[in-house]
Each structure stands twice: as structure tokens, then as C-alpha cells.
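Q: Sequence:
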Amino acid sequence: MKIVIAGGGRVGGALAARLVSEQHTVTVIERDAGICARLFEEVGVVTVCGDATNPRVLEAAGIGNADVAAAVLAHDPANLAFTMLVRSVSSARLMVRMLDTNYREAYRLAGVKELVAEADVVVAKMTTAIDFPQVSGSLPLSSGDALLFELAIPSRARVAGQTVAQVRALEGFPRECIFIALVDPQGHTALPEGNTQLKAGHNVILVARRTQVAKAVEFLTAEPPLGAGLASTLAQTLRKLDFLAPLSDEELENVARGAELLQLPAGTELFRQGDAGETFYVVVTGEVAMKDGARQTVATVKQGGFFGELALLTGEPRNATAVTTAPSELAAVGREDFRGVMMANPAVALEMSRILGQRLSRVQGGQQATPAKRRGLFGR
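Numbering-wise, the UniProt record's numbering puts 238 at position 238 of the sequence shown, and it's gapless, one number per residue.
Hints listed in this document are in silico derivations from the structure and should not be mistaken for laboratory results.
Note that this is a predicted model, so its numbers are computed, not measured.
Careful, some of the hints might be misleading.
Below, a list of computed lysine-lysine pairs in the DSSO-like style, where the Cα atoms sit at most 30 Å apart [said to hold, decoys possible]: (1) 125 with 113; (2) 113 with 2; (3) 302 with 291; (4) 302 with 240; (5) 240 with 291; (6) 215 with 125.
For each label pair, taking beta carbons as the anchor points, the in silico distance ranges come out as [unchecked claim]: (7) 193 with 122: 33 to 39 Å; (8) 33 with 108: 44 to 50 Å; (9) 127 with 170: 25 to 31 Å; (10) 354 with 191: 45 to 51 Å; (11) 223 with 77: 23 to 29 Å; (12) 114 with 316: 47 to 53 Å.
In this text, a Cβ means the ideal position worked out from N, Cα and C, and glycines have one as well.
Taking the hints into account, I'd like the entire structure generated from these sequences.
A: Now the structure itself:
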């Protein structure tokens with residue numbers, strides 16, 4: 001499209017650069033010759049040095065053939081004059097950055113249908129950030145009654161591992177909340193379907209009525225604790241991890257209480273080979289298959305077993321893909337739980353380093369690990 005932008009300042013320059021990168025034909029009208037030269041050199045955009053409220057300057061910018069005219073001048077009177085002149089000589093769509101909301105009616109009478117009220121956008125984003133600190137980005141829609149927002153799924157979120165359809169069917173999830181997209185840690189965006197899985201560490205983009213945003217945020221980030229009995233059982237399993245040997249029973253139970261119980265159907269993919277390791281898992285009931293890149297099962301973790309701790313501790317990518325092969329209950333222990341343990345127990349950090357060194361030495365030397373009474377770092 002051919003687009004004419006009135007104003008080459010901070011907003012106009014950024015808008016021009018974005019549009020040029022998307023292969024649009026862009027002309028910027030700017031009074032400051034220095035800004036015109038800079039935009040031409042840095043962005044490669046065509047510039048017309050002059051007053052955007054001068055009919056001859058508009059003609060030189062090719063306004064008669066423009067598809068879109070965008071006004072981002074520093075003052076509303078100048079933006080209004082520009083839009084009225086454009087309306088008299090062109091059929092271009094008009095878009096305006098409005099600084100003072102008192103001009104809203106004047107812009108409407110001038111035929112402007114696409115207004116960006118700068119103050120409204122800033123206020124809406126700041127109030128959303130204040131009310132919902134978990135939200136990483138937001139955009140008010142229409143009159144502000146609806147909100148487009150982005151939210152990270154915590155490592156121990158109750159909904160992690162469930163599909164979009166399963167989450168929407170859960171009691172308590174707001175009906176007026178729609179999943180728009182999912183963004184993985186590498187920044188890749190996918191449009192969700194009913195069978196799309198929500199994964200810990202990924203971001204979800206949703207639309208909801210503003211009155212429902214708090215409920216949606218609370219629901220999607222909830223991390224229910226384990227019951228006392230299950231926490232005790234989990235602590236006994238954690239005792240099998242040799243690097244946690246320095247912890248007392250009470251400290252182990254504290255780690256266990258911070259875990260989250262996941263109830264997952266068969267066929268649920270917990271993580272893929274190459275994913276970042278943020279959580280390790282204990283199988284309470286059920287069974288999990290560890291698969292290599294060829295989708296062949298290389299190990300099976302059954303009740304009382306655990307997996308995923310090595311990637312969590314070393315920061316290395318996952319070396320296998322984990323998939324439930326039966327309806328399963330898993331206890332998920334996140335990175336923050338280990339961080340707290342290590343901060344409070346230097347002996348654990350030293351023991352962990354010692355064991356990791358031994359494991360890496362054995363792998364590099366091609367040696368087989370000697371069976372031990374306790375399960376090692378791999379959990380098998």
C-alpha cells in the first residue's frame with residue numbers, strides 16, 4: 001500500500017521504519033530538514049520536507065494516490081488541519097494519533113474513524129499492569145470493556161499440560177475469555193486449537209472482558225499445594241535422590257509441599273527433547289515414557305520414579321521427550337524450590353556439584369555408573 005505519514009518524529013519515524021520493513025511504499029512529510037535526511041539515510045523512506053498542512057506539500061507527497069494517510073504531528077490542531085485537507089483531495093483512509101481527547105468530536109466530524117488516543121492507551125496499559133502484575137502485555141479493545149493480554153504459564157500452574165479444550169471445560173474458567181495465541185520461549189507464535197497443549201514457561205494471549213481478567217489470571221496461574229499425606233509420600237521419594245541427602249526430613253517435606261500435583265490423561269506430552277528444563281517430576285501413579293528424537297521409547301518411569309532433574313540442575317536442554325502412556329498423577333517440583341534449598345543449604349550445592357562432576361566424568365570416559373543404594377541424578 002501507499003502510505004503518507006504526517007510527522008517524522010519519534011512515533012512517525014518508528015511507524016515509517018516498520019511499514020518499510022513490511023514492503024509498503026511510504027512517504028513522510030516533515031518540516032525539519034535534518035529529520036528528513038536522517039529518515040532517508042537510516043530507514044530508506046521517501047521524505048518531503050515541508051508543512052503537512054500545506055496543500056502543495058501534500059500534492060508533492062502524492063496524497064491523491066495514497067491508500068492511507070496517518071497524522072502523527074506534535075499538536076492536535078495540526079493533525080486536524082491535515083486530515084481535513086486530505087479529506088478534500090483524497091479518498092485515503094485516515095488514521096490519527098490524538099493527544100487531547102477534547103478533539104475527539106472534531107476528528108469524527110472530519111471523517112476520521114481510526115483514532116489512537118495516546119493518553120487512553122498509556123492509562124489503560126498502566127492500570128492493567130498495576131491491577132494484574134502477572135500480565136506481561138495488554139491492549140484495550142473497543143471502548144476498553146475488553147482487553148487483549150499476554151500471560152506466562154508458571155512452571156507449576158495447575159493448567160500446565162492440559163489442552164485448551166480441557167481448560168475451557170473446567171469449572172471456574174470464565175466463559176467470556178478466549179485463547180488467541182500461544183508463544184513459546186523462542187518467540188514462535190501458534191494459533192491454538194482445542195487439542196493444543198498449554199505448557200509451563202509458554203505465554204498465552206487471550207481476550208476477555210475487563211471484569212473477567214482477574215478471574216482468568218488467577219485461574220491460569222493457580223498453583224495448588226499438595227496435601228499433607230501426599231507431601232510426606234513425595235518427601236520419601238525425594239530422599240532417594242542422592243544430592244538431597246544433606247536435607248533433613250522437615251526440609252524435604254517443605255520442598256514436597258511446594259510441588260504441584262498434575263492429573264494428566266494418557267498421551268500428554270510434558271516436554272520435548274531440546275526444551276529448557278524448569279521442572280522435574282515424580283510419578284505418583286501411572287507411567288511416563290522417555291523418548292528420543294526418533295520417537296522410540298528409551299526408558300519408562302513408573303510409580304515412585306522421577307525424571308527431568310538433570311536438565312533442571314544443569315540448565316542444559318532436555319535430552320528426551322516425556323509422554324504419559326497411561327492416566328497419571330505427577331508431582332512437579334520447580335526450579336524455585338531448588339533455588340531456595342540451595343540458598344539455605346550450601347552443603348546441598350556442594351553435593352550437587354560433586355555428583356554432577358562424577359556423572360559428566362563417567363559419560364566422557366565412557367564408563368558405566370556403579371549401581372548405588374540411592375537413585376542417582378537421572379532417577380533411574
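Q: All hints are to be evaluated individually against the structure, with a verdict given for each.
A: These are the hints, each one checked on the structure:
The straight-line distance between the Cα atoms of residue 125 and residue 113 is roughly 22 Å, inside the 30 Å bound, and the hint therefore holds. Proposed proximity of residue 113 and residue 2 is supported: the alpha carbons are some 19 Å apart, at most 30 Å. Annotation: proposed proximity of residue 302 to residue 291 holds, straight-line Cα distance about 14 Å (limit 30 Å). Our distance criterion of 30 Å between C-alpha atoms is met by residue 302 and residue 240, whose separation comes to about 15 Å.
Taking the CA atoms of residue 240 and residue 291, the gap is about 24 Å. The hint holds against a cut of 30 Å. Of the pairs offered as hints, the one joining residue 215 and residue 125 holds, with about 18 Å between alpha carbons and a cut-off of 30 Å not exceeded. In this structure the hint that residue 193 and residue 122 lie 33 to 39 Å apart at CB holds, the actual value being about 35 Å. Between residue 33 and residue 108 the beta carbon distance is about 34 Å. The supplied range of 44 to 50 Å is therefore violated.
Restraint check, residue 127 to residue 170: a C-beta distance of roughly 28 Å satisfies the suggested window 25 to 31 Å. Checked against the hint of 45 to 51 Å, the pair residue 354 and residue 191 passes, with Cβ atoms roughly 47 Å apart. A C-beta distance of roughly 53 Å is found between residue 223 and residue 77, which places it outside the suggested range of 23 to 29 Å. A hinted range of 47 to 53 Å for the beta carbons of residue 114 and residue 316 is consistent with their spacing of about 49 Å.
The earlier numbered hints that this structure contradicts are 8 and 11.
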